[in-house]
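Next come the chains, spelled out residue by residue.
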Amino acid sequence: MVHDLFTPSIQHTLDLVGIFVFAISGSLLAVRKNLDVFGIVVLAEATALGGGILRDIVIGAVPPAAFTDLGYFLTPLIAAVLVFFLHPQVERINWAVNVFDAAGLGLFCVTGTTKAYSYGLGLTSSAALGVATAVGGGVLRDVIANEVPSLVRWDRDLYAVPAMAGATLVALCIRFSTLNAVTSGTAVVAAFVLRLLAMHFHWRAPRSWNRRTATVEVEQHVE
Amino acid sequence: MVHDLFTPSIQHTLDLVGIFVFAISGSLLAVRKNLDVFGIVVLAEATALGGGILRDIVIGAVPPAAFTDLGYFLTPLIAAVLVFFLHPQVERINWAVNVFDAAGLGLFCVTGTTKAYSYGLGLTSSAALGVATAVGGGVLRDVIANEVPSLVRWDRDLYAVPAMAGATLVALCIRFSTLNAVTSGTAVVAAFVLRLLAMHFHWRAPRSWNRRTATVEVEQHVE
Amino acid sequence: MVHDLFTPSIQHTLDLVGIFVFAISGSLLAVRKNLDVFGIVVLAEATALGGGILRDIVIGAVPPAAFTDLGYFLTPLIAAVLVFFLHPQVERINWAVNVFDAAGLGLFCVTGTTKAYSYGLGLTSSAALGVATAVGGGVLRDVIANEVPSLVRWDRDLYAVPAMAGATLVALCIRFSTLNAVTSGTAVVAAFVLRLLAMHFHWRAPRSWNRRTATVEVEQHVE
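Residue numbers (UniProt numbering), protein chains in the order written: chain A, 1 to 223; chain B, 1 to 223; chain C, 1 to 223.
The set of hints was computed from the structure by calculation and includes no laboratory data. By construction, the Cβ of each residue, glycine as well, lies at the ideal position given by its N, Cα and C atoms. One should not assume that every hint holds.
Stated by the list, open to error - Subject to a maximum C-alpha distance of 30 angstroms in a straight line, what follows is the list of computed DSSO-like cross-link-like pairs (lysine-lysine):
no., chain 1, residue 1, chain 2, residue 2
1, B, K33, A, K33
2, A, K33, C, K33
3, B, K33, C, K33
Unchecked claim - To give an idea of the interface, some chain A residues facing chain B are shown, with a C-beta separation under 7 angstroms as derived from the structure:
no., residue
4, V42
5, L70
6, L77
7, V81
8, A103
9, Y119
10, G122
11, W154
Generate the whole structure from the sequences, applying the supplied hints.
See below:
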């Protein structure tokens with residue numbers, strides 16, 4: 001079965017790690033937006049669980065895992081409490097948070113694609129839903145915080161491409177019947193490393209062609 | 001069966017009252033945001049039904065009750081029409097709207113928890129989904145209106161805590177097999193009174209510790 | 001069966017046309033908001049598929065058609081690529097985009113209502129869900145782009161009314177057992193023409209009564 005890539009306990013531990021780091025990123029945004037402790041908890045839960053809940057509802061796996069596994073619900077709470085009390089210290093290790101977030105991104109795009117395929121979706125749809133699982137929580141976080149999602153802003157380092165690379169690798173492995181713990185682990189690492197490189201070299205996605213001619217005056221004031 | 005707390009007709013009437021007052025709060029925000037009549041209707045429906053639709057989709061109770069019971073759909077329309085024609089008068093009784101909204105909050109956190117449990121969720125998850133049912137409509141209202149959700153703003157009176165208290169009481173009653181019309185009614189009243197007290201005494205939730213040292217200059221300009 | 005209004009291939013072609021034009025409108029907003037190429041793709045997919053995915057989740061038709069039919073997923077990608085490379089040219093034919101968007105609106109309100117009814121919803125709920133299918137993608141587009149949804153702004157031409165007219169016509173046809181390719185085609189055309197007229201004559205929806213007395217000073221500064 002394709003959704004047992006690792007032993008259940010390893011898979012579960014990796015899930016919780018991904019959920020934890022996504023929750024840290026949600027909590028930090030809540031503090032920066034000057035929200036209260038419930039804002040921290042809401043953004044922690046939404047960022048960590050939003051992508052997975054969306055995936056499970058789309059594939060019909062209800063109630064979503066986030067509501068049947070208590071650990072999925074409690075882990076973001078721990079992250080929120082940590083950020084609540086130790087905010088300056090967490091900010092100071094922001095690079096570490098970014099590294100963990102990259103790990104979560106790699107993990108979620110792979111498990112999202114695999115779970116979607118195991119529920120009968122086609123390969124392309126599975127990869128698309130895997131990407132949505134990985135980036136969905138972050139979009140929900142930014143929508144609730146009333147910000148333009150970091151995912152779609154041109155002045156942010158590539159975030160979707162690493163997830164797309166990881167999800168595509170998994171889909172190819174499924175297509176050629178070579179999906180196992182090693183190949184899916186490779187896909188996780190590929191997405192993880194791609195995201196680290198994008199952050200290190202500030203790789204960015206292009207905006208539409210011929211846009212500058214039309215908006216050059218506006219941009220002079222904005223930038 | 002845990003989801004028959006009251007006689008069906010009483011339960012249904014209470015649901016409609018909660019839906020109505022939530023719809024009033026959505027309609028009022030639409031008028032304040034200068035939206036047109038469809039904005040009033042959209043925010044009325046979203047505020048009143050959003051939490052329940054989310055709950056029903058998560059637990060797999062589709063189509064959601066909001067789409068099978070015509071009264072659930074029509075009640076927000078009546079609230080929207082009332083606010084459309086009588087906006088200044090409704091604003092003038094804003095304290096009454098707040099009292100009814102508190103009643104809706106108490107009712108929805110209890111019925112949400114109970115319904116989630118009756119669909120097989122665990123106690124903690126049921127309570128969490130009960131809180132989400134109670135506050136979800138308000139978050140959706142604020143997201144559509146392009147505002148930071150009132151739920152997560154530090155300068156608003158406590159809203160989540162009363163819902164959490166009510167949902168927790170219900171979960172405890174289920175745990176000790178004492179859930180009936182009296183105990184669940186007590187949970188509704190507890191959440192209701194807590195919310196009234198929070199409004200009266202302007203109880204607010206704290207923001208993260210050590211935040212001030214970092215943001216004191218910014219706040220001087222903002223506040 | 002009510003959901004086979006046209007031959008499957010005609011129905012499918014019409015769906016793809018509607019999806020394509022909605023995706024163009026999402027892509028154009030992404031360019032105007034200065035988003036990168038992923039922003040263009042995300043808004044294209046969200047605008048084109050959001051309404052249908054919401055409808056399918058509500059009626060329990062999971063996985064939604066958007067995830068089982070590859071054409072539904074790829075069509076918005078084509079629209080996004082077109083806008084990415086040919087943005088000024090697409091802007092220049094904006095009137096054509098608006099005409100196609102009106103066609104998508106007419107089509108989606110009719111197919112949404114029909115599909116909801118075929119999954120067992122009542123007539124009123126089916127019509128309401130049909131309207132939500134037609135306008136839902138646009139609301140999701142605006143929420144992700146961090147704008148007040150165009151649907152609810154008083155300074156935009158009527159958008160909901162044509163969809164409501166089309167959905168109501170379909171519901172009446174179902175009620176009187178006269179729904180067929182001709183009558184549902186008529187409903188599509190009625191909604192389409194109504195939307196064109198609303199754009200041509202700048203029909204707008206009223207805001208709440210007695211609003212001006214309260215907000216006149218504010219508006220003098222805003223407008």
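Now for the hints, and whether the structure bears them out:
1. K33/B - K33/A: Holds: K33/B and K33/A sit about 22 angstroms apart, inside 30 angstroms.
2. K33/A - K33/C: 22 angstroms, holds
3. K33/B - K33/C: 22 angstroms, holds
4. V42: 5 angstroms, holds
5. L70: Holds. Min distance 6 angstroms.
6. L77: Not OK, violated: L77/A not within 7 angstroms of chain B, min 10 angstroms.
7. V81: Cβ of V81/A sits 10 angstroms from chain B, so the hint is violated.
8. A103: 24 angstroms, violated
9. Y119: Constraint on Y119/A not satisfied, violated at 14 angstroms.
10. G122: Violated - the Cβ of G122/A stays beyond 7 angstroms from chain B, reaching only about 23 angstroms at its closest.
11. W154: Hint violated; W154/A Cβ to chain B Cβ min 21 angstroms, cut 7 angstroms.
The structure fails to meet hints 6, 7, 8, 9, 10 and 11 from the earlier list, while all remaining hints are met.
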